[in-house]
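Enquirer: Take 1 as the starting number for the sequence shown in this note's numbering and just add one per residue.
In short, the hints are calculated from the structure, not lab data.
Being a predicted model, the structure only gives us computed values, none of them experimental.
Take these hints with a grain of salt, some might be off.
As the list claims (entries may be wrong) - List of simulated lysine to aspartate or glutamate pairs, DMTMM-like, C-alpha gap at most 25 Å:
| # | residue 1 | residue 2 |
| --- | --- | --- |
| 1 | 9 | 66 |
| 2 | 9 | 32 |
| 3 | 39 | 67 |
| 4 | 9 | 67 |
| 5 | 39 | 29 |
| 6 | 39 | 66 |
| 7 | 39 | 18 |
| 8 | 9 | 58 |
| 9 | 9 | 60 |
| 10 | 9 | 29 |
| 11 | 39 | 60 |
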Amino acid sequence: MFMHPLMIKLHLSTTVYDNQTAIRFNIYEGEDRLVQNNKLLGSFRLTNITPAPAHVSDIEVTSSIDENGIFTVTAVDQSNGNTNSITVVRDKGRLTENELIKMVDEICPPIIKMEIDDD
Numbered sequence: 001m002f003m004h005p006l007m008i009k010l011h012l013s014t015t016v017y018d019n020q021t022a023i024r025f026n027i028y029e030g031e032d033r034l035v036q037n038n039k040l041l042g043s044f045r046l047t048n049i050t051p052a053p054a055h056v057s058d059i060e061v062t063s064s065i066d067e068n069g070i071f072t073v074t075a076v077d078q079s080n081g082n083t084n085s086i087t088v089v090r091d092k093g094r095l096t097e098n099e100l101i102k103m104v105d106e107i108c109p110p111i112i113k114m115e116i117d118d119d
């Protein structure tokens, strides 16, 4: 049965080098702006990219999460239609809710509430 995604994000990527024919996409989970502080979920390569000067190739990258928590990232070379993707299921290698809360608390510590007596 096909599940409709609850969230879809789209962005464009490109090559860094002249005549680059492959890109590795590393997929992380976490809240920190520093990649090394997040959890690597997996990676995939888009190969057979049409050779072009650096920063010319248009690679469309789409990420989606469905109602079952299945996370999919797909990359498509817009010039030739070549595609590759990775799917990460909710229970395999993902952060637990407690791990996510801890990670968020480390990045943005909870605000300490203080009561002040006016007496």
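Enquirer: Each hint: holds or not?
Expert: Cross-check of the supplied hints:
no. : hint      : verdict
1   : 9 <-> 66  : 12 Å, holds
2   : 9 <-> 32  : 19 Å, holds
3   : 39 <-> 67 : 22 Å, holds
4   : 9 <-> 67  : 15 Å, holds
5   : 39 <-> 29 : 5 Å, holds
6   : 39 <-> 66 : 20 Å, holds
7   : 39 <-> 18 : 31 Å, violated
8   : 9 <-> 58  : 16 Å, holds
9   : 9 <-> 60  : 11 Å, holds
10  : 9 <-> 29  : 15 Å, holds
11  : 39 <-> 60 : 23 Å, holds
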